[in-house]
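There are 2 protein chains.
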Amino acid sequence: MSAQLQDDLNKQMAALGQRARAASQELIASTPDQRRVAIAAMAAEIRKDADAILAANAKDLAAAGDLGAAMRDRLVLDAKRIEAIAASLDEIAAMPDPLGEVMESWERPNGLTFQKVRVPLGVIGIIYESRPNVTADAGALCVKSGNAAVLRGGSESFHSSGALLAALRRGLASAGLPEDAIQSLPTTDRAAVGIMLGMVDDIDVIIPRGGKGLIARVSAESRIPVIKHLDGNCHTYVQSSADLAKARAVILNAKLRRTGVCGATESLLFDRAAVGSHALLILRDLLDAGCEVRADATLQALDTRIRPADEADWGTEYLDKIVSAKVVDGVDAAIAHVNLYGSHHTDAILTEDKAAAAAFTAKVDSAIVVVNASTQFADGGEFGFGAEIGISTGKLHARGPVGAQHLTSHKYVLTGDGTVRG
Amino acid sequence: MSAQLQDDLNKQMAALGQRARAASQELIASTPDQRRVAIAAMAAEIRKDADAILAANAKDLAAAGDLGAAMRDRLVLDAKRIEAIAASLDEIAAMPDPLGEVMESWERPNGLTFQKVRVPLGVIGIIYESRPNVTADAGALCVKSGNAAVLRGGSESFHSSGALLAALRRGLASAGLPEDAIQSLPTTDRAAVGIMLGMVDDIDVIIPRGGKGLIARVSAESRIPVIKHLDGNCHTYVQSSADLAKARAVILNAKLRRTGVCGATESLLFDRAAVGSHALLILRDLLDAGCEVRADATLQALDTRIRPADEADWGTEYLDKIVSAKVVDGVDAAIAHVNLYGSHHTDAILTEDKAAAAAFTAKVDSAIVVVNASTQFADGGEFGFGAEIGISTGKLHARGPVGAQHLTSHKYVLTGDGTVRG
Numbered sequence: 188m189s190a191q192l193q194d195d196l197n198k199q200m201a202a203l204g205q206r207a208r209a210a211s212q213e214l215i216a217s218t219p220d221q222r223r224v225a226i227a228a229m230a231a232e233i234r235k236d237a238d239a240i241l242a243a244n245a246k247d248l249a250a251a252g253d254l255g256a257a258m259r260d261r262l263v264l265d266a267k268r269i270e271a272i273a274a275s276l277d278e279i280a281a282m283p284d285p286l287g288e289v290m291e292s293w294e295r296p297n298g299l300t301f302q303k304v305r306v307p308l309g310v311i312g313i314i315y316e317s318r319p320n321v322t323a324d325a326g327a328l329c330v331k332s333g334n335a336a337v338l339r340g341g342s343e344s345f346h347s348s349g350a351l352l353a354a355l356r357r358g359l360a361s362a363g364l365p366e367d368a369i370q371s372l373p374t375t376d377r378a379a380v381g382i383m384l385g386m387v388d389d390i391d392v393i394i395p396r397g398g399k400g401l402i403a404r405v406s407a408e409s410r411i412p413v414i415k416h417l418d419g420n421c422h423t424y425v426q427s428s429a430d431l432a433k434a435r436a437v438i439l440n441a442k443l444r445r446t447g448v449c450g451a452t453e454s455l456l457f458d459r460a461a462v463g464s465h466a467l468l469i470l471r472d473l474l475d476a477g478c479e480v481r482a483d484a485t486l487q488a489l490d491t492r493i494r495p496a497d498e499a500d501w502g503t504e505y506l507d508k509i510v511s512a513k514v515v516d517g518v519d520a521a522i523a524h525v526n527l528y529g530s531h532h533t534d535a536i537l538t539e540d541k542a543a544a545a546a547f548t549a550k551v552d553s554a555i556v557v558v559n560a561s562t563q564f565a566d567g568g569e570f571g572f573g574a575e576i577g578i579s580t581g582k583l584h585a586r587g588p589v590g591a592q593h594l595t596s597h598k599y600v601l602t603g604d605g606t607v608r609g
Numbered sequence: 188m189s190a191q192l193q194d195d196l197n198k199q200m201a202a203l204g205q206r207a208r209a210a211s212q213e214l215i216a217s218t219p220d221q222r223r224v225a226i227a228a229m230a231a232e233i234r235k236d237a238d239a240i241l242a243a244n245a246k247d248l249a250a251a252g253d254l255g256a257a258m259r260d261r262l263v264l265d266a267k268r269i270e271a272i273a274a275s276l277d278e279i280a281a282m283p284d285p286l287g288e289v290m291e292s293w294e295r296p297n298g299l300t301f302q303k304v305r306v307p308l309g310v311i312g313i314i315y316e317s318r319p320n321v322t323a324d325a326g327a328l329c330v331k332s333g334n335a336a337v338l339r340g341g342s343e344s345f346h347s348s349g350a351l352l353a354a355l356r357r358g359l360a361s362a363g364l365p366e367d368a369i370q371s372l373p374t375t376d377r378a379a380v381g382i383m384l385g386m387v388d389d390i391d392v393i394i395p396r397g398g399k400g401l402i403a404r405v406s407a408e409s410r411i412p413v414i415k416h417l418d419g420n421c422h423t424y425v426q427s428s429a430d431l432a433k434a435r436a437v438i439l440n441a442k443l444r445r446t447g448v449c450g451a452t453e454s455l456l457f458d459r460a461a462v463g464s465h466a467l468l469i470l471r472d473l474l475d476a477g478c479e480v481r482a483d484a485t486l487q488a489l490d491t492r493i494r495p496a497d498e499a500d501w502g503t504e505y506l507d508k509i510v511s512a513k514v515v516d517g518v519d520a521a522i523a524h525v526n527l528y529g530s531h532h533t534d535a536i537l538t539e540d541k542a543a544a545a546a547f548t549a550k551v552d553s554a555i556v557v558v559n560a561s562t563q564f565a566d567g568g569e570f571g572f573g574a575e576i577g578i579s580t581g582k583l584h585a586r587g588p589v590g591a592q593h594l595t596s597h598k599y600v601l602t603g604d605g606t607v608r609g
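Residue numbers (the numbering used here), protein chains in the order written: chain R, 188 to 609; chain E, 188 to 609.
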């Protein structure tokens, strides 16, 4: 890029940042009704503009040329998908408003009262890949939580996202909110992302949504704090007291309900006392369902279809019909294995022993710890959070599923009566 | 630094990071009693070792040579200050334990129960200047909240901090907690700080404590999220309905109780309707108490001692017996001024009008918003948080005074009865 072009881009990005900050200040003063009406209007605008959005999508598909089937499926829109995007916005509009909630309140001996009140974060930057629906979902979740959004979608979905963005902005304007509450970068040039990741004064947090490569690149380059999702190498540990029927049903669900989601179980741990009683039937269930099992020598002896696991298997997120399996000597060994090889995402214990469950939930250092249920509950909808912008595997600010209520901060409001400090 | 020395330092720092992470895993499994006993033992070790700590401090003072009086005051220890350090640890030990608290709990229609439980953050890096007491306070607050601490104190206090650290580590060991729960960098060389700020896998958050220069340097360089305190350009706005007697008392306190603290009022705003009724007496109170007043033309006309303010004054944190003062046309103009020139730290309104107070608290985008009280309440102790590690002016993770309870994250514990996802 020439110095002149770089200079122009710097200026465009600075202006975009200032518009985002100004819009976020207006959103702080907006009412729950305005935000609800705006998001419902976005849904209406998308329905009304379906033809134009489909035409834009056709342009993207033509420009992309020969995509793989998976990539094409992520990019393509049809009437049904456009309705699903609009319906998702209707749901976000109908969710309880997260702002203004008095999270805590107390009084001090000097009569001063304290309220901790939920407020927006400010400006949220979202960097994602080719799914155009993220444009609508992410924009609406930001507005729901009173934040301005700066979006950077994949270059493949440039026209589709642009058409959706235009509908979102008309929705904002119709409710009297600033159109600049949702903006996208002026160009798909990578240089713009570089500038965006350094805008520490005008963007408060960056959320990357996509594959590991994208998340690693954004994390390495960003000067702004990042809320991100790393691996989901999830474990289910069968403690010796586990109810066999429940364990068989839960593990089939945890591994095979959907294999490509981050909450899918990737590794099974069995107490040595549960090898004959539990592991044999559970592993055969999985093998019979077409799941490859890679296990240590003890478990391999249970069925000829079981393959040997090597050290790398314990740390692998397969996202496929493959599971690793290992024998451990009791709950402390299970906890140590999970904390060493896991990714601190979601890990489960199956047990009828309260002390074992208590030890596991206390000591496993994961965002989500599950007792006697499927790891596939790792999902904002299942938590009751409504739409989610992702699942955070970090511990700062947000951990676990991130819904509108987690895209917030707080302020303290102190009320006295001429109260002075001694 | 030679390549060989750099290589050695890299290895030392990597080992330190791994020890910190391992210690933090042990702290996750520690009990409230262990943490309480450890911090009380740290206090006892400091009292027992007072002579050695004073000798180390004498070494620091001798090495420092001709310090300024302020710098020397920050560095010097005596028997009384050592007792104050130990007493502060006793207070931290006696505070309620923040961990394990069930912050929220709910049940879903499928019978799955959810608990959001408070857990430690992990490893906290603290970078500070010459006050040796920060070594003890920061180390104890981290242990209280179940976190391992990596400390980097100023080079001037190297020996004093080292002697205090040795006492802290003996306290940890006596309670059966890992000594490496509190470590300091192996050298005061700046290169070690550079490495520390890039240890994204082994340090979860960096907290700089000190002057603006230190905080700016750390923020610019860190690859790890930073919880920091920027300026405290605090306002007190006198709305036309303010009670005069209360306003006079509050403003004297807000400006002059202590002028060097971040919660001191630096700028006064008066409604146009309050110039004759309030501003005249309030500004004379301040002038009579030896405070310099820099004001706009309208207020300057009230008293010949008042000097003219220029544009730079509205954005200045004096930390001195100086205040700026300006007339505004109503609460919306006051809010706009505070959001434009303020530092989003602590801002107050004095009013008997509930609607004005509501508008100010809703729209002023500051960590702490005060009604009818002194801005000098911006302090963790005054909030009832006990000892604080600082005041955050950021919105991510922690905002306002940061006590032990804010050095935490959460995990979700899901409990079912063989529950599978549909």
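There could be a bad hint or two in this list.
Each pair may be met inside one copy or between any two copies, as identical chains are not told apart.
Claimed, not checked - Keeping only pairs whose Cα atoms sit at most 20 Å apart, straight-line, the calculated DMTMM-like set for lysine to aspartate or glutamate is: (1) K303 <-> D566; (2) K198 <-> D277; (3) K267 <-> D238; (4) K550 <-> D284; (5) K303 <-> E291; (6) K303 <-> E288; (7) K508 <-> D604; (8) K433 <-> E291; (9) K550 <-> E288; (10) K399 <-> E539; (11) K267 <-> E504; (12) K550 <-> D516; (13) K550 <-> D472; (14) K399 <-> D566; (15) K541 <-> D388; (16) K508 <-> D483; (17) K246 <-> D284; (18) K508 <-> D430; (19) K303 <-> D194; (20) K550 <-> E270; (21) K267 <-> D220; (22) K246 <-> D540; (23) K198 <-> D367; (24) K198 <-> E278.
These are computed hints drawn from the structure, not numbers from a lab. Every value quoted in this text rests on a predicted model; they were computed, and no experiment measured them.
Structure versus earlier hints - violations, ascending order = 2, 7, 8, 10, 11, 13, 15, 17, 18, 19, 20, 21, 22 and 24
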